[in-house]
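Trainee: These protein sequences, in sequence, are chains A and B. Numbering-wise, the numbering used here puts 83 at position 83 of the first sequence, and it's gapless, one number per residue. Numbering-wise, the numbering used here puts 160 at position 160 of the second sequence, and it's gapless, one number per residue.
Hints were generated in silico from the structure; no laboratory data involved. Watch out, some of these pointers could steer you wrong.
One side of the interface only, derived from the structure: several residues of chain B facing chain A at Cβ under 7 Å [as the list claims (entries may be wrong)]:
#1 R137
#2 S153
#3 R201
#4 I203
Covered by chain B, per the in silico footprint, the following chain A stretches (three or more residues, Cβ under 8 Å) [stated by the list, open to error]:
#5 1-9
#6 84-94
#7 100-112
From the three backbone atoms N, C-alpha and C, an ideal C-beta is built for every residue, glycine too.
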Amino acid sequence: MYRGREGMWSWILHRVTGLGILLFLAIHIVDIYLLGWPDVFNKLLFLYRHPVFRVAEVFLVAAVLYHALNGLRILLVDFWVEGTRLHRQIFWVQVGIFLLIWIPTAFLMLSPVVFGR
Amino acid sequence: MRVVLKIKRFNPERDREPYWAEYEVDVEPVDRVLDALEYVKWHLDGTLAFRRSCAHGICGSDAMLINGRNRLACKVLVKELGARITVEPLRGFPVIKDLVVDMEGFFAKYRAIKPYLINDEPPPETERRQSPEERARFDDTTKCILCAACTTSCPSFWANGEYIGPAAIVNAHRFIFDSRDRGAAERLAVLNARLGVWRCRTIFNCVEACPRGIDVTRAIAEVKRALLFSSL
């Protein structure tokens, strides 16, 4: 860690969310592979219906969303002439867009768990 | 004004690991950290080792990690830091002793980008002329004093010490975009290598660290774009 400004945090989050998505993809490949044994697959489906998994999915959405938006920010920094000068402002705009999409999505995803429908 | 200087010390001939030493020093608020370090060396503990040469922010010898930021000890005043000042050697370089780090690898990378004018065309009668606009194209990167504050704040460099690092790229930029220079292709070939500019992850620590206020990441981005689009 050096000073912990926007650039450093955006990079750390990009790495962490990238690893998180990779972990999910690994699990996903294994569970789809299990379709070869429908009995096993169906028996394991309770895992996906578990509230804890739903909460984890909300964070998966967060990881994919952040990683995607930050990728766009990096494109701007790399290719737009003003990108390096305005990288901090772009980061906070990115955070705003992230919250604007993530909070309603999280609400929609969690309301069946919280309110039972 | 009484300040406590907390210095990370290491003598490879005696110590197994670095340790913290504290020194109480009386200084003026407008004294620099370098003055406090010199007070320690001259009056309290002569074994303290650090580099300094011009002591006026030009030679780039006394970059160190001061209160968590890479700065020149000769350019930061005690009053900006308060009563407790923490001083460590630059990160990512082998420590030779105390605050003196081994910069040989750093300068090897600097030499690798050929930091001198390359132009085999016959010299004109007078000088090689350049318009103010052509000069302005690389003005920012002429300011580098090779203090290594940028390179040692870079996580890509911490992760892989073979990465050519922001300082070398800045100095390559200074010649690549110089209208009088003809060596851009040679330099870009060095920077296009696996351990060249593409290891930059646009973390911007280098910009935070540069005591000369160089927009380092912008210079790196311009080199990247030059490689992608051959637009000089």
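Trainee: Now tell me if each hint is right for this structure.
Mentor: Do the hints match the structure? See the list:
1. R137: violated (13 Å)
2. S153: With a minimum Cβ separation of about 5 Å from chain A (threshold 7 Å), the hint on S153 (chain B) holds.
3. R201: holds (6 Å)
4. I203: Nearest chain A Cβ about 5 Å off; hint holds.
5. 1-9: holds (count 6)
6. 84-94: Held - the region 84-94 of chain A has 3 residues with a Cβ nearer than 8 Å to chain B, which meets the minimum of three.
7. 100-112: n = 0 at 8 Å, threshold three: violated.
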